[in-house]
Each structure stands twice: as structure tokens, then as C-alpha cells.
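Could you fit the two chains together into a complex? Lean on the hints.
Residue numbers (the numbering used here), protein chains in the order written: chain A, 1 to 231; chain B, 1001 to 1199.
For the record, the hints were derived by calculation from the structure and aren't laboratory data. Being a predicted model, the structure only gives us computed values, none of them experimental. For glycine and all other residues, C-beta sits at the position ideal for the given N, C-alpha and C. Be aware that one or more of the hints could be misleading.
[What the hints assert, rightly or not] Here chain B is said to cover these stretches of chain A; the calculated rule only asks that three of the stretch's residues, wherever they fall, bring their Cβ under 8 Å from a Cβ of chain B:
(1) 66 to 75
(2) 222 to 228
[Claimed, not checked] The calculated DSS-like cross-link candidates involving lysine-lysine, where the alpha carbons are at most 27 Å apart (straight line), are:
(3) A:45 / B:1023
(4) A:230 / B:1073
(5) B:1126 / B:1073
(6) A:179 / A:230
(7) A:179 / A:206
(8) A:206 / A:177
(9) A:206 / A:230
(10) B:1049 / B:1073
(11) A:206 / A:33
(12) A:230 / B:1126
(13) A:230 / B:1161
(14) B:1166 / B:1126
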Amino acid sequence: MSHTDQQAAYVLHGRPYRDTSLIVDFFTLEYGKVSAVVQGARRPKSKLRASVQSFIPVQIAWRGRNELKTITQAEPVAAMMFLNGDALLCGLYVNELLSRTLQPFDPHPQLYVYYQYVLNELVSGEDIEGALRTFEHRLLDELGYLPELGNQLDDQIYLLNVEQGFAALSGSGVSDKQKPFCFYGWQLNAISDDNYENLQVRRASKRLMRLLIDRVLGHQPLRSRELFQKM
Amino acid sequence: MSFSPLIQQLITALRCLPSVGPKSAQRMAFHLLERDSEGALALSEILQKAVAEVGHCRQCRTLSEHELCEICKSESRDRSILCVLESPVDVLAIEQTGGYNGLYFVLSGHLSPIDGIGPEDLGIDKLLDYIHATEINEIILATNPTVEGEATAHFIAAQVKELGIKVTRIAHGVPVGGELEFVDGGTLAHAMAGRRSLL
Ligand SMILES: [Zn+2]
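Just chain B, same shape as in the assembly (with noise of 0.2 Å):
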């Protein structure tokens, strides 16, 4: 059967949620239509402002709705210690394990040279920019331990090797081609405690 034209460019949009199917994008849109229309409208309210407002803090490039996050902004950080992240999400967390206390700085995924992804792509020169502009003493590079995220970490401690910061990179119990988001609070904690020297 086929549905009219707006339920079914309701269903089409609604799969560009990960994990949404054609079967789940079909049932989310009659929920939202028979079942919870105060609900649907909330959602479509606050996705447009959301869409419309948040963008990256100019400081760490983090996803934020300020000019600075709250991150950046917070006077009990630590203002010493950066860690280096692939995506917001990552900041998250770490932030949920609650041991760390320093700044961080997203970069926009890793390096892929057969992808055409380079430095500039990931913002790794704003991030120098960043590093040159503050009193930093220590970088921790917690990109996902895969072969382009090391290449990634290996990269950035190249280009500030001449300043004299501390580069540390995670490595203890993250597992081998695994993504940070996925990887428990307890291991992340031990992965950050562990962290070892590059330079």
C-alpha cells in the first residue's frame, strides 16, 4: 500500500535517523501522527531551533550553542591540560567518567588520506593555532585507537614536538579497532589514568 504524499515524506525524513529502517520510520511517523502530536510538535519545535542554534564552540569546536561551551568557559577546569578528541560525542564520555578536569579540543574525525581527509579537513591547524595561543603543558591525544586515529595522534605530536608540551596518548585496555563512544566508563577511566608518553 502506499501512503499519502506528506505521511510518506514524514517516514522518508525520519530515516535519516541511524539505525531507522523503513519498517521503524514507519512506525515512528504514526506514533507521532495518531498518538502524540503534542509530542511530534515539541520535537519538530525544538529540532528546528536546535538545527538553527547550536554550532561549534569557537574555542574547542565541541558542539555548543554559545560562542564558548561550558566546558571552556567553567573556571574549575583545569587550563593546563588539553585533551584531543575525534568527535563531540567522545567529550561526552569522558566527561561521564568523571576523572578528567581539563580542556579539550574536538577535531572534525581523523586523517584518511585514501578518503581525501587531511590535515586542514579535521582542523588540526586551528587546533595548532589553539595550542600556540595558551599556556598548555600537556596534551593528551585520546583519538579512537584504530589505524587512522593513531596516524591521527602520531601526526599532531609531530607538529608540536618543538614546543616543549608534554604528548601523551591513551592506549591502556581500549580495545583494538574500537571507537571511544562505545567503550565503557570503567575502561575509559583506566585508558585515560594509563595514558602513555609520545614525546
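Same shape as in the complex, but just chain A (with noise of 0.2 Å):
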């Protein structure tokens, strides 16, 4: 397929290409991550600048037969919402997180949706976390990296395989080796209704979300999280 129609994208990440343009890593709502030349972004001029931010959601078409596509049309569809402070960091996360896992034209509709919900969370400031962790559930789940989540018993302590999934711990007691991955059945219940109300139970769900997200990126880990880290 060479050319599109118009299509509803988020911009995940820019970076300058020969003197005036910028490739632009899009997610788009139909085809998922689509990689394109935006010609002339960096002009001081140029009209296409305000639709090659983050966080605002733009349409876009675009043209060639490469995996590397050349962007024939942008614009932003909404007014300008500039996330601030911390907020504006948790979006450069997301984005990030969104980057490293995505594959090139493989979509992810429902994830999309997810992402225009996380944002509206960051802007409106309410509950961040909640927001941030049910993305990141939503996003392993979409890409095939969930365990088997939820009718855990409530009493029972289960231990994490990142590559196996949840197995009851029977027998005495947890060791401090296993501690890290141990997390309790009604904790994996509520993670799994993104029910995060309980403050362990967001505890929980970070730990267990870092764990899974660690496993799919392999030793590189993500730069933004180093970011809150030194805040």
C-alpha cells in the first residue's frame, strides 16, 4: 500500500533528519506505529510544526512503499494541551514505553484508545497512577506479555515466573529471594479489574508491571523512569 487516507495518530517521538525535516515515530489508531518524514518540520515557518508534537492527536496521510514513510498531509484535530510537570513526564514515559514495544504496523485499535485514556488522565491530573498502571496492563496484555491475572484466591500467595506466569506458593513461608515477585490472589484480582484504590495494591501492581515491562525490554532499561528516579 502506498498512499492513505487520513488517519488519527498520536506523535510518539521526533527526530531531526537532514537539515529541515524530522522522522516522526507516529501510533496511529489503524496501523499502529508508522515511522514517516515529515519535510520541512523544523522550519522556523513551517505550518506542519504544531502537528509534529506529542500529546495532541493529529491526522495524518502519508505515501511510499518503504517501511519508511514520507508525510503528505498533517494537522492537529485539537487544541494545543500541554502537559505540565510531573504529568508531562509520566506522557514522555508512555511514550517511551509505547516506542520500545511497538512493532511497526502492527495495530493495536483497543491500546489506542487506552493511550487517548491515559493522556486525558495526565491532563486532568486525578489519578495518574491509576491511569498510568491500568495502561500498562492494558498494553502487556495487547502485546501477549499478561499472565493469567485474575479468579486467584484471595489468601494465597502466588509467585511470579515472568516467563511462566502466577504458581500458588504452598509449603513454609517466602524466602527473601522470592519476595520481589510474591504477590497476594485479592491483589492480582483487583489489578486485573484495574480496581487500584487499595494503596498495596498499587504497590503491588507497580512492582508487578515493572517486572513484566523489564522482561519484554530486556537490559535496556527505559531512560524516562530513570528521570523520576533522580526527582
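What follows is the structure, encoded as C-alpha cells:
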């Protein structure tokens, strides 16, 4: 396919290309991650500048037979909603997570909706943490990296093996080595429902998502996470 | 047609300049060789000298051939106020407005986690050392009004939170997604005047 109609998209990341252009990674509703050259986007007066900013919904069209497309049209469909402060760093984290995990032209329309949800939560600032956990949960699920979570016995302790999923822990006590991988059944049930009202569930969920995401990413940690650690 | 190796090398070398494509590089090469060999020699000499001698000011990190740049050295600058920028070109842009008389600190760009660029890569650690070592009481964060520029400003603001320093961010009038070096002087002066407090 060498041509598209207008596609709903968000900018995940842009990097300079030649003197005045950008290569932008878009997260599109119908095609998943699409990388494209946006010609002249770095010219001082380019009208495309507003369309290559992260966190605003844009409509784009592209052409080209190779994996790297060329944008023929791009315009924002909503007013700029600038994320501020910690919410902005969270936004960069979500974008980095998507950039690292999505494969080109692998569509995830459901995840796109969750992406919009998490951005809205970042703007409203009401429950950023819950929104991030929900998004991570849905991302792992969509990409097929989520072990079966729900229907666990509330009081049972489960041990996570990131490759094989959860196994009920039997016998006497939990060793220090196992501790980071242990979760109560009731915590997993709550996470499965994205119910993050309980503080312990939040903590458990953060720990669980991190273990699972790290497994997906391999040895290269997320850089945006380091920013939070330094704050 | 192909050029002799030396001419070809010159053309290729000229293409390291921004906005210089193969055609312009050819034109420049022929101009230098045929019409202005004196200018070409002067250029090559000063280029070599500049590249060898220009480094970064040890205090503000802007380009300078002295250990301490003219601005940092100047007696007439207000040493209580520090403007943080993404690149040396931005110093020039703000100097040209004529409305600012404090000191600068130049980062090497902005935070960009996806590109693997973190605080140390920008010299934020050096900025913090500098702030701790001096008696600055206001910091103007004049990083670009892009997502990454905002993130950089926020990160720095959070790092200096405990120091009781006034932290402001330029905002007014600078177009979203814009880069400081391309903003006209009037707009930029306005932006400096209309800076808002981050902390
Ligand atoms: Zn200096």
C-alpha cells in the first residue's frame, strides 16, 4: 500500500532528519506504529510544526512503499493541551514505553483508546498513578505478555515467574529471594479489574508491571524512569 | 562528469554545513578555487584556529575561546539571576533583545528519554553544582517551548526546589513547538518579560 486516507494518530517521538526535516514515529489508530519523514517540519515558519508535537491528536496521510513513509498531510485535530510538570514526564514515559514495545505496522486500536485515556488522565491529573497502571496492564495484555491474573484465591500467595506466569506458593514462608515476585491473590484480582483504590494494590501493581515490562524490554531500561528516580 | 579527487573532497567537505546540498557545495567549491583563493585561504586558516581554540566557558558552558567568556567575566552583569538555555545560539538570541543583564548557563540540548539523553548528558549536574556554589536568587528556565524543553525545565525546577530560589519559565508569546533561535526579537523580549513562576 503506497497511499493512505487521513489517519488518526499521535506523535510518539521526532528526531531531526537532514537540515529541516524530522523523522517522526506516529502511533496511529489503524496501523499501529508508523515512522515517516515530515519534510520541512523544522523550518522556522513551517505549518507542520504544530502537527509534530507529542500528546495532541493529529490527522495524517502518508505515501511511500518502504517502511519509512513520507507525510503528505498533517494537522492537529484538537487544541494544544500542554502537559505540565510530573504529568509531562509521565507522558514521556508512556511514549517511550510505546516506542520501545510496538512493532511497525502492527495495529492495536484498543491500545490506542487506552492511550487516549491515559493522556486525558494526565491532563486532568486526578488519578495519574491508576491511569498509568491501567495503561501498562492493557499494553502488556495487547502485546501478549500478560500472565493470567484474575480468578485467584484471595488469601493465597502467588509466585511470579515472568516467563511462565503465576504459581500458588505452598509450604512454609517466603524466602527473601522470592519476595519481590510474590503477590496475594486479592491483589492480583484487583489488578485484573484495574481497581487501584487500595494503596497495597497500587504498590503491588507497580512492582508487577515493572517486572513484566523489564522482561519485554530486556537489558535496556527505560530512560524516562531514571528521571523519576532522580526527582 | 567527475571532478579530480581534491576538488571532490572539497565539495564533500563543504556539505557538512547546514542547508548545503550537492549543488551548492559545488558552487562554493568553484567559487573558492577560481574566484576567491585569498578568501578561501583566510577561511581555512580561521576555521582551523577557531576549531582548535574555541571551547566552552567553564562557568556557563557557552562557546568561548577564553576559559571564562566575556559575559561571565563582565563586571556589569547581574550575578543574582541565571538564564538556562538549550544551546549557545540561544545566548545570542537573548543578548540581541538587549533586555537581559543576568548570567547564562547553556545545556547541551534537552532531555529526550527515547533518544537515551538524560540529565548528565545535558550537564544538569554541572548546572546544579554552579547554582550551589554561587549566590543566585532567580533562575529563568528558557529551554525551548517543546515537549522536551518543558520536561527539561520541569526537571531542573524540581532539582532546585529546596534551595529557596525563585524559578521562572519563559512562556508568553513563544509559539508552541518553536525553537528560540528562530523567534523574532520582539516576541522573545516579550517572553522574557512575561516569564512565569514555576515554583
Ligand atoms: Zn561564560
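Ascending list of hint numbers which this structure does not respect = 1 and 4
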